[in-house]
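J.: For the record, the sequence lines run as chains B and A.
In case it helps, the UniProt record's numbering puts the first sequence at residues 1 to 315.
In case it helps, the UniProt record's numbering puts the second sequence at residues 1 to 329.
Hints should not be assumed to be uniformly reliable.
To be verified - Below, in silico cross-link-like pairs of lysine to aspartate or glutamate (DMTMM-like), each with a Cα-Cα straight-line distance of 25 Å or less:
# : chain 1 : residue 1 : chain 2 : residue 2
1 : B       : LYS230    : A       : GLU198
2 : B       : LYS230    : A       : ASP114
3 : A       : LYS134    : A       : GLU94
4 : A       : LYS58     : B       : ASP207
5 : A       : LYS134    : A       : GLU198
Hints were generated in silico from the structure; no laboratory data involved.
Please read all numbers here as calculations on a predicted model, not as lab measurements.
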Amino acid sequence: MFRAITVRLMQSIPVLLLVAVLSFILMHLLPGDPAVVIAGADATPAAVERIRRELGLDQPIWQQLLSWFLNLAQGKFGSSLVLNQTVLSAVAERLPVTLSLAALSLAITLPLGITLGILAAYFRSSWIDAGVMMIALIGVSVPSFWIAILSVILFSVTLGWVPSSGYAPLLTAGPGPWFASLIQPAMVLSLFQIGFLARMTRSAMLDVLDQDFIRTARAKGVSEWRTVGKHGFRNALVAVVTVGGIILSLLIGGSVVVEQVFALPGIGRLVVQGIMARDYPLIQGTMLLFGFAFVLINVAVDIIYTLVDPRVRYD
Amino acid sequence: MAEQPLLSVENLTVQFRGDAGWVNAVEGVDFAVGAGECLGIVGESGSGKSVSALSILKLHSPANTRYASGAIRYGDRDLLTLPQRRLRQVRGGEIAMIFQDPMSSLNPVLTIADQIMEPLRQHQGLSVQAARRKAIELLDMVRISDASRRIDDYPHRLSGGMRQRVMIAIAVACRPRLLIADEPTTALDVTIQSQILELLRELQREIGMSVILITHDLGVVAEFAQRVVVMYAGRVVETASVPALFERPMHPYTEGLIRAVPNLDEDVHRLTTIPGSIPDPSMSITGCRFSPRCREAVQSCLEKPPSLVDAGAGHLARCPPRIAAGGIS
């Protein structure tokens, strides 16, 4: 087991290298120049050229890439070109926001998505099934910025229940304001995920509920509740865990749109700022960290498989 | 059967939802099983034998199934109209069932212990420790060696024959009064088949339970059952004691089935078969359902559906021309 995890982590190194190289190439394919952004609109060409040289942007691309990797090998992610702080500290500063939002969103998504999916499968082709699938369809199809704006109009402007934007840190502002600042974006974010998870849970449960062992459970005199919950859901759990991993990956990457609408200083916004300013080290660093986070989530999902399904073994 | 039977199925009609409305899967089925008796139900695929068996405990999917007529009398109760909660007390407690495919009938993510303990805790209210001790005893009883270690295994570590033994252990856990075995040996190879049947016979004697054995194998019926019900296209076509059925089959279909069993004492070059195949349930046939495949069909067979007639000594057959002629052709 331990060996299998080590092997998986080693296998991820080429993947991460590829992520780094590809994001580097993509960034340099984009038009625009960080030196111009830093120097400002009124700078002379000579000033821009000087900044470019200082940043090492006058070197050939392969040399820039090489020196970035050499720094990385020493654990240096470098400094942001525009933020006046290191990449690691910029990420560390914004990570709690994104993680808080992710945790809250997951706490809303998992119970609701799973329950709705199981109900839809159990009452297949009934009005309950149709209703759940309708909610799920709306959840995955309606753009989140639109829902976010409607939600702000209703809950922040008209009812005044929660602030319309901004983030209150848990440690300094306390749990109340923290929760109030995040519950609305978390719910908007969850709408899509609940739809996604409910659909996947439903289809996994439909497969399972047709299996012979469900009939065996009923023939034993087990209650419907236990038949569906214990015998059924335990078997659908592999699919649910997979979807849970995908959802968590999406959440860690930060929701660009939702963070933007609610002015939450999270990772998603950081990346967008970086791209706008052609902040190469920042984008490179965050991409690599995202890649690493996805790898870790996938390894965690693989480990959870072995707990959920005794037939899965890595050895 | 002079005294009251343990369980009797009366005029049972089960319908499934098809593309063009409800279709009769079985129609007007009657049979009964006495206390301690073994009843065989034979027929080919699609004859409705499994449908009838699953109906006894109402194990069909409720969304696509309708019990259009009939009753399943068990004591003074009708299982078809029993409320869900009371039906659950019967399921696995008083009437238990084992199924055709032991590979898929056990839950892959639960241990053997979990699955055997479940009915014990459900129906007898045993504690976890007591249920576990009982479960090990049951595994011993169905001859699984090293039961105290095997019990914590998951089903995928067991062979097909062992899994069917586990299924049997689950079924007999609460010492049921009736065991319904739906083709229990069909998915197993021949040597295992006879071991499983032998085990069932022993357990039947020990517990004193009745058995309904569903099979397409007349050899199994001859060995195991006291009475037989022969089904064809959703109806009972003949019912008799085992000796009577083999000595004097009344229905041409039964006769065809018996002839189709190869005789080991003779040199057989070609196996005997019944030409044609079972009609689709949605197809409407006015007369006898077997008439399209019957060599002896006369005009009256095509005109109106035959009824089940007593040919004497509890031997019933659904073939008026044969009964009028006195049986054997």
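J.: If a hint holds in the structure, say so; if it doesn't, say that too.
T.: For each hint, the structure was consulted:
no., hint, result
1, B:LYS230 - A:GLU198, "violated (33 Å)"
2, B:LYS230 - A:ASP114, "holds (11 Å)"
3, A:LYS134 - A:GLU94, "holds (18 Å)"
4, A:LYS58 - B:ASP207, "holds (21 Å)"
5, A:LYS134 - A:GLU198, "holds (22 Å)"
Hint compliance for this structure: hint 1 is the single one not met.
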